[in-house]
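Chemist: Order-wise, the sequence lines are chains A and B.
Per the working numbering: the first sequence = residues 1 to 105.
Per the working numbering: the second sequence = residues 1 to 241.
By construction, these hints were calculated from the structure, which means they are not laboratory data.
Please note: incorrect hints may appear among the correct ones.
Think about it this way: if two alpha-carbon atoms lie no more than 27 Å apart in a straight line, the pair counts; the simulated BS3-like pairs of lysine-lysine are [unchecked claim]: (1) B:Lys102 - B:Lys11; (2) A:Lys34 - B:Lys102; (3) B:Lys182 - A:Lys34.
Quick caveat, the model's predicted, so the values are computed rather than measured.
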Amino acid sequence: MHSGLYTYIFIAVMALSTYFCRVIALTLIRRPIKNRFVQSFLYYVPYVTLAVMTFPAIVEATRTPAAGIAAFVIGILCAWFCGNLFITAGSCCLTVFLVELILHI
Amino acid sequence: MNSTNRSEFIKGLRDGVPIGIGYLAVSFSLGITARECGFTALQGFIASITTIASAGEYIGFTLFAANATLLQLIIMTLITNARYTLMGFALSQRMPEGASLKTRLFTGVSITDEIFGITIARPGPVNPYYPFGAAAMSAPLWAIGTALGITMGNILSARIVSALGVALFGMFLAVIIPVCRKDRAAALAVIASFAASGCARFIPFLKSLSAGNRTILLTLVISALFAVLFPVPDKDPEGDN
Chain A
1 MHSGLYTYIF IAVMALSTYF CRVIALTLIR RPIKNRFVQS FLYYVPYVTL
51 AVMTFPAIVE ATRTPAAGIA AFVIGILCAW FCGNLFITAG SCCLTVFLVE
101 LILHI
Chain B
1 MNSTNRSEFI KGLRDGVPIG IGYLAVSFSL GITARECGFT ALQGFIASIT
51 TIASAGEYIG FTLFAANATL LQLIIMTLIT NARYTLMGFA LSQRMPEGAS
101 LKTRLFTGVS ITDEIFGITI ARPGPVNPYY PFGAAAMSAP LWAIGTALGI
151 TMGNILSARI VSALGVALFG MFLAVIIPVC RKDRAAALAV IASFAASGCA
201 RFIPFLKSLS AGNRTILLTL VISALFAVLF PVPDKDPEGD N
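Between the sequences and the hints, there should be enough to build the whole structure, so can you do that?
Modeler: As structure tokens, this is what we get:
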């Protein structure tokens with residue numbers, strides 16, 4: 001187990017590194033970046049990271065993989081056709097709840 | 001605060017209301033993760049009010065539970081939040097002419113996916129008081145939701161907890177999927193990422209890596225691959241120059 005102090009140090013390091021991400025480009029870049037590879041790489045990073053973190057973790061997060069797979073499919077459909085963040089998140093939750101209810105888990 | 005800044009701040013507060021309500025629901029499931037990772041309600045509240053990042057906090061909490069080093073935490077936080085750097089870059093192109101370092105540091109405080117979205121969608125140079133107003137409204141709700149998830153996660157039924165546990169992934173999908181409609185290369189990158197991440201669970205070397213290291217490795221490789229295969233059009237990202 002960690003001590004309480006270590007936990008707060010951990011939280012502070014997390015907050016500072018996150019703030020660093022937010023301000024580094026904002027403070028250093030005062031004109032458009034020309035390098036195409038850097039621009040392209042930065043463009044893909046958010047989508048790739050979030051996609052890698054979502055699957056297969058969503059399938060492992062529920063008490064039965066079937067519920068996680070259903071939530072994954074519904075989440076993609078919902079995000080595709082509606083795009084609203086909170087409707088998508090809510091639909092995923094509802095899907096898991098209903099699938100687990102039907103399967104009596 | 002002069003009158004223009006005050007009115008921008010108030011507009012930000014108003015536009016931050018729907019964002020904050022959504023944050024409250026999503027951060028509740030983040031709180032459930034935080035509780036499983038060993039955080040108290042106070043620690044979760046402080047972590048959320050100082051960091052204000054869904055994926056970043058999720059990875060931070062899981063790294064804490066996995067006894068990761070502070071160096072691993074820093075590397076993973078920088079990787080997970082690389083999109084904030086991209087947003088900061090986009091905002092850097094929209095700052096008023098000759099904006100001071102102080103103004104830029106202040107603007108960066110309020111960058112989240114949603115607040116960046118409503119800020120960059122407005123015409124003209126960015127007034128940092130607008131995103132700050134939105135953050136002042138929504139960030140406390142984000143932190144309260146996290147603390148509630150930590151305190152109430154264990155009195156809710158296992159079925160409800162299981163259902164709320166996927167809210168974060170739903171939120172991630174809502175960030176990445178709409179872009180796939182407009183950009184075929186981004187869609188391919190997302191599909192490749194799902195496939196690679198799924199396969200990585202069965203490939204001997206990748207399987208043995210921690211979830212965090214696997215995410216770093218896959219992100220660097222897949223993003224670099226797509227940057228080479230499908231470079232983005234060579235123009236200003238805001239397209240207004």
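Chemist: With reference to the structure, classify each hint as holding or not holding.
Modeler: Checked hints:
| no. | hint | verdict |
| --- | --- | --- |
| 1 | B:Lys102 - B:Lys11 | holds, 22 Å |
| 2 | A:Lys34 - B:Lys102 | holds, 26 Å |
| 3 | B:Lys182 - A:Lys34 | holds, 23 Å |
Of the numbered hints listed earlier, not one is contradicted by the structure.
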